[in-house]
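A.B. asks: Given chain A, put chain B with the ligands in place with the hints provided.
Protein chains in written order, with our numbering: chain A, 0 to 278; chain B, 348 to 603.
Derived from the structure by calculation, the hints contain no laboratory data. Where hints are given, some of them may not hold.
[Unchecked claim] Once the Cα atoms are required to be at most 20 angstroms apart in a straight line, the calculated EDC-like pairs of lysine to aspartate or glutamate come out as:
1. A:K153 - B:D492
2. B:K514 - A:E146
3. B:K400 - A:E137
4. A:K208 - A:D10
5. B:K400 - B:E435
These are the residues of each chain, in order.
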Amino acid sequence: MNIEYNYGFLDENTKRMLRRGLLKAVAIPGYQVPFGSREMPLPYGWGTGGIQVTASIIGSDDTLKVIDQGADDTTNAVNIRRFFGRVAEVATTEKTSEATVIQTRHRIPETALKSGQIMVFQVPEPEPLRTLEASEVETRQLHAHQEYGLMHVKLYEDIARYGHIATSYDYPVMVNGRYLTSPSPIPKFDNPKLHQSPALLLFGAGREKRLYAIPPYTDVESLAFDDHPFDVQTWDSHCALCGSTESYLDEIITDDAGSRMFVCSDTDYCATHQQEAKQ
Amino acid sequence: MTPILSVRQVAKRYGQRYGCREVSFDLYPGEVLCIVGESGSGKSTLLSTLAGKLAADEGEVTFRDVNGTEHDLLTLAEADRRRLARTEWGFVTQHARDGLRMNVSAGANVSERLMALGQRHYGELRATAGEWLEKVEISAERLDDRPSQFSGGMQQRLQIARNLVTKPRLVFMDEPTGGLDVSVQARFLDLLRRLVHETGIAVIMVTHDLGVARLLAHRTLVMQQGRVVEAGLTDQILDDPQHPYTQLLVSSILQA
Ligand SMILES: Nc1ncnc2c1ncn2[C@@H]1O[C@H](COP(=O)(O)OP(=O)(O)O)[C@@H](O)[C@H]1O
Ligand SMILES: [Mg+2]
Ligand SMILES: [Zn+2]
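Chain A on its own, in the form it takes in the complex:
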């Protein structure tokens, strides 16, 4: 059976609707714009929000990279890349530096992003206040009046319980000094990359039907206390494969005896770094 899809899978009206939402999102950095999420050929939780954003902005001269937890070769990343290769006839790459659009779940690449690049983040829960305030009506009010004391209640509670701010991913940020925003479940290690990023950062939440954006060169501040300043994860060891001491490391178990090693979560960065080391 041969089913004909419109270019980019979504119909043109849906793409226009999404682009209008994205323009609004770019105009109001960090503000959550509602949109009419479409059924996608994937269950929620597999990045339907990110896929719709990518589908609405991608063109045939784009080069797409897709990562999941930093890796280009997971089933999810491979499937999304293959999907767009088919429905949008785009070139795909694993190289951060060659991509014009990078769709991601849970990481920002280690290789510094450039002006002109677009990152598309898959977002499960766009509302950073949701765990503390269940009512959507109320959270909208809190955003409207910039009442964000509640977010510090959560950080206070972290310190009271663990002695430090234990939130280590999806760490809340203030965008452009105005909107409290979820950076999506990236590790807080990646938060500093959001600040004054040369790339355009777009966020899509399919289930919650929200879009938001951090335009290039926008201030992004991670919340903290004066006496408990924001910090990022550090490791005692370096990457076992490429020797990097600067990248985000995953701990992996290498045999049945439970041997462990730390390796870069960003597979492209690690491979590039290994090549450079050989030369």
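C.D. replies: Only chain B with the ligands this time, still in chain A's reference frame:
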């Protein structure tokens, strides 16, 4: 002295019916006013309307802030109302679960308003929260316990601390002793009387208990079917009630 709150001919309707109507009074800084009356007489409606939680349908409410600036509460922008609610007002509810965050620690409950006002030093927040727990007769050792681990009386005292920590000038209370045992009530009322005296806050408290009014209130409003039927000094009202409904209320507690 100028009133902190001036209320003129205020009414709130639910559909065609009035929840309260034709209410007028002045409240002065440091004054405690009780609103009494039987269930359904419109006490909570009036309180929520004055606090801006419900939009009034008629009348005028003027609040004078710490700088002497007057705010017309019926036309106030929502952003300004919320700012006043954070800085100048407090609201204590009958059910602790409506006024506390039950899923975070006592310390976080007390610190929330301070953080909302921009305080960002964890150590200082914690120290202030500890002091306030002690002020409401809860050991500072309980800072990290959740309100759900507290007794009913402690929960109400925690609500008081959570509200008073930012030194508001006017605190609304809706039946704060309503869910407490009589023995626990007495201690709570003693504490409240002491804090009101020490801090000089003005209080508007709804209660159906004339004994509470007797103990705390300088002045009392008696409500029946949405209207104020009698108002004046609490002792005068209780010792020499003029309106037949007030006479009935007073005689019913004397008999009890
Ligand atoms: N949300 C509401 N919608 C409709 N009627 C209400 C509502 N809240 C209260 N009422 C009615 O308004 C009157 C006053 O209620 P309320 O202010 O709660 O009295 P009180 O606090 O003195 O018990 C009652 O007749 C009550 O049924
Ligand atoms: Mg009531
Ligand atoms: Zn590596």
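A.B. asks: A separate judgement is required for each hint: does it hold in the structure or not?
C.D. replies: Evaluated hints:
1. A:K153 - B:D492: Judged against 20 angstroms, a Cα distance of about 15 angstroms means the pair holds.
2. B:K514 - A:E146: Answer holds: K514 (chain B) to E146 (chain A) is near 19 angstroms, not above 20 angstroms.
3. B:K400 - A:E137: 13 angstroms, holds
4. A:K208 - A:D10: 18 angstroms, holds
5. B:K400 - B:E435: Roughly 15 angstroms between the alpha carbons, so the hint for K400 (chain B) and E435 (chain B) holds.
Hint check: no violations occur; every hint is consistent with the structure.
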